[in-house]
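Student: Spelled out, the chains give:
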Amino acid sequence: MTGAGAAGLVVALAAVATVAVVMRPRGASTVDFYLAGRRVGVVTNSWAICGDYFSAASFLGVAAAVYATGLDGAWYAVGFAAGFVPVLLFVAAPLRRFGEFSIPDFLGRRLGSERVRLVAVGVVQLIILTYLVPQTVGSGITWELLVGDGVLGMSAYATGVVASTAVVATLVAFGGMRGTTWAQAVQFLLLLGALVWLAATVVGAGFHYGDAVQHISTVPLEAPGADGALEPEQSALHPDRPAVFGEPGATYGGLGQLALIVTLAMGTAGLPHVMNRYFTAPTGAAARTTTVWVLCLAGLFYSLAVMVGTAARELIPGAVDDNPWLADLTVDGVLLVPEHALPVLGRLFGGEAGLGVVAAGALVAVMSTVAGLLLAAATSWGHDVYERHLNPRATQRQAVLAGRVTTLVTACAAAGLGLLMRPDTMVGATPSVVATMVTWAFAVAGSALTPVFVLAIWWQRTTATGAVWGMAVGAVVSVGMFTAGAVSSGGLLHDVLVTPTLVAAPLAASVTVLVSRRTTPPPDVERSWLIMHGTAADRRAERLARLVVAEDRRRREVRRARR
Amino acid sequence: MDDDVATTDTVAEVDATFRTLRRVAVGYFVVFVLGVAAFPVLSLTLDWWSQARLLGGMSPGFLVAAFGLYVFFAVLGLAAARLSSAVEHRMLGDTPATDDDLFLDDGRAP
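Note that the protein sequences, when read in sequence, are chains A and B.
Here the working numbering is used: the first residue of the first sequence is 127, the next is one more, and so on.
Here the working numbering is used: the first residue of the second sequence is 136, the next is one more, and so on.
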């Protein structure tokens, strides 16, 4: 990367770091560290949720999946965006009104059981790790392509993994939720800006979306095979035809499409780093409005990601002859690693500076999601385990310190696993390594947490024992299924195995209901219902806010009158 | 609206609101599932869905996956949020507060 590109990257990362430092929590309270004082506004929170949610899988992965498999890749975008509809309908407002620190905290208090809390901590940690690893892989891929060199004897890939994880872990440990909220909001704007710039640039250079889809759909889709040569792909939907870009079937059959969307959509409601953000909203109504904003922003983001993935498929083959550096990255005009689609497009249309813009977007996407995941890990270890079980008499300062230490430990574990996963060994088996790996986290979340979570909010008879069984069955079945799917060959069974929520979530919900019916619900359900489904707290918060504003105005007028 | 901060809800009000909101959520969720599930069904059953060319050479299926579904999600979310908030506004908040059932700042009963 040249000086201009590197300078752009450094400026973007410095802006994020500055925001995190300036907005760090001033006090040492756990509400400030974990929940940003519960004072985050609707617009800021929606940007921060988007920063949290739009990871390397969204920025690099969606475009890569579209690049590699056409319309079937767009299902990742649809599934990621769809996830916030169930969140809005079933989770956002009641979750905020109940007002705890984390998903385990919510389940533990709602169901009156420390056992539920600890099992939920285990599931949450599993989700966080399976989500963190593809992010670190994404940062390694980006560094490898952009910088190409390692430091301190490490490979370029390893340097990317270690450097990005270390920077984010330090920012989170220092800035807590308050600093992270503002950093993630800025990160989302940078991310969206990079995508808008890329889309505008390719359109400005004469790219016609509809014509491109029609043009690249006239030939069969091809991908690099095991021997390095291009191999045509067969349609899973219509086995008698080759797969083409603009038609479904390149990867998934009819049931496979539905299974993928259900897995991604159900998983969102169980993602700890996203759900934790809802606790930072001032009221339940604000949490609901925030989700509407997120739905709109997600629609904009993913429709652009699908478009630039299409642009990469159309434009890169024609650019190989004029750009010798593409020869090492392609086979007959097709990229060896689909995640290179956006960086290559950035370099083609913006030179080294364009590569820097996309690099900044990719690393910012990784960093913002890793930040949210590390905070969620810190909350569940620091608050749910350390404060509740290991040291119940901990001072606020000790609890915050525990959160900071667990942030660093989780970051080390994620970086270690990221170093063990070599993405080049998995290319060819999946449309996008990063997007596929993220799907595993969604599968565990949607199978183990979401059914129990929704039942705890909407079914009074849910019991602690039912929730424990539901989470255990959901986690075991989903992990078992996608592990079996990884070694199975293609076909209908494979589609369902690799995206297991369609089977595992109903199973987990059924087990929760069956066991709950045979056990006794917690005694204070009525009080929980008043808090979750009543709006008294919202009205009080709004009226208090109005009183504060009126008092501020009155004081300003008094000061003005005195002058 | 007055600025009385001592506001609360009764059990009966909350129960009625909860049941109404559950109907709203389930109803919108069914629409959401039908909307999403329609895509693979149409892909399997209707050649026109994947083969026809509409705006700028895109098929109806591609247009829906690239733009239409996001608009559908946003409109559905906006409608559900407005309806849910209106239900809560109409069904909760009329009961005068008593000293026995005040709530703490975080919404919990004392």
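Note that these hints are calculated values from the structure, not bench results.
A hint or two may mislead.
Listed next, with one range per pair, are the computed distances between beta-carbon atoms [said to hold, decoys possible]: (1) B:Ala151 x A:Gly248: 56 to 66 Å; (2) B:Leu169 x A:Glu652: 28 to 38 Å; (3) B:Ala173 x A:Asp366: 51 to 61 Å.
Here chain A is said to cover these stretches of chain B; the calculated rule only asks that three of the stretch's residues, wherever they fall, bring their Cβ under 8 Å from a Cβ of chain A [said to hold, decoys possible]: (4) 142-155; (5) 164-176; (6) 189-203.
Which chain A residues face chain B? A few, computed with CB under 8 Å, are given here [what the hints assert, rightly or not]: (7) Ala208; (8) Leu214; (9) Val322; (10) Trp323; (11) Ala325; (12) Phe333; (13) Pro358; (14) Gln360; (15) Pro368; (16) Gly372; (17) Ser429; (18) Leu430; (19) Ala525; (20) Thr591; (21) Trp595; (22) Thr661.
This structure is a prediction, so every number in the text was calculated from the model and none was measured.
C-beta atoms are modelled at their ideal positions from N, C-alpha and C, and glycine is treated no differently.
Student: Do the numbers back the hint for A:Val322, that is, is its least Cβ distance to chain B under 8 Å?
Tutor: Hint on A:Val322: violated, closest Cβ of chain B at ~16 Å, above 8 Å.
Student: Hey, does the A:Pro368 contact hint survive, CB to chain B under 8 Å?
Tutor: Check failed: Cβ of A:Pro368 comes no nearer than 14 Å to chain B, outside 8 Å.
Student: Once the shortest beta carbon distance from A:Ala525 to chain B is found, is it less than 8 Å?
Tutor: Since chain B brings no Cβ nearer than about 18 Å to A:Ala525, farther than 8 Å, the hint is violated.
Student: With a Cβ-Cβ cutoff of 8 Å, does the stretch 189-203 of chain B contain at least three residues near chain A?
Tutor: holds (count 10)
Student: Given A:Pro358 as an interface hint, is the shortest Cβ-Cβ distance to chain B below 8 Å?
Tutor: 18 Å, violated
Student: Taking a Cβ-to-Cβ distance below 8 Å as contact, does the stretch 142-155 of chain B have at least three residues touching chain A?
Tutor: holds (count 9)
Student: Could you check if A:Trp323 really has its C-beta closer than 8 Å to a C-beta on chain B?
Tutor: Violated, about 20 Å.
Student: Can A:Gly372 be said to touch chain B, with a Cβ gap under 8 Å?
Tutor: This hint holds: A:Gly372 lies near chain B, its Cβ roughly 5 Å from the closest one there, short of 8 Å.
Student: Taking the least C-beta to C-beta distance, is A:Ala325 closer than 8 Å to chain B?
Tutor: 12 Å, violated
Student: Hold the hint about A:Thr661 up to the distance rule: shortest CB distance to chain B must be less than 8 Å.
Tutor: 5 Å, holds
Student: Is 56 to 66 Å right for how far apart the beta carbons of B:Ala151 and A:Gly248 are?
Tutor: 38 Å, violated
Student: Counting residues of the stretch 164-176 of chain B with a beta carbon closer than 8 Å to any beta carbon of chain A, are there 3 or more?
Tutor: The restraint on the stretch 164-176 of chain B holds, since 7 of its residues have a Cβ under 8 Å from chain A and three suffice.
Checked against the numbered hints above, the structure violates hints 1, 3, 9, 10, 11, 12, 13, 14, 15, 18, 19, 20 and 21; every other hint is satisfied.
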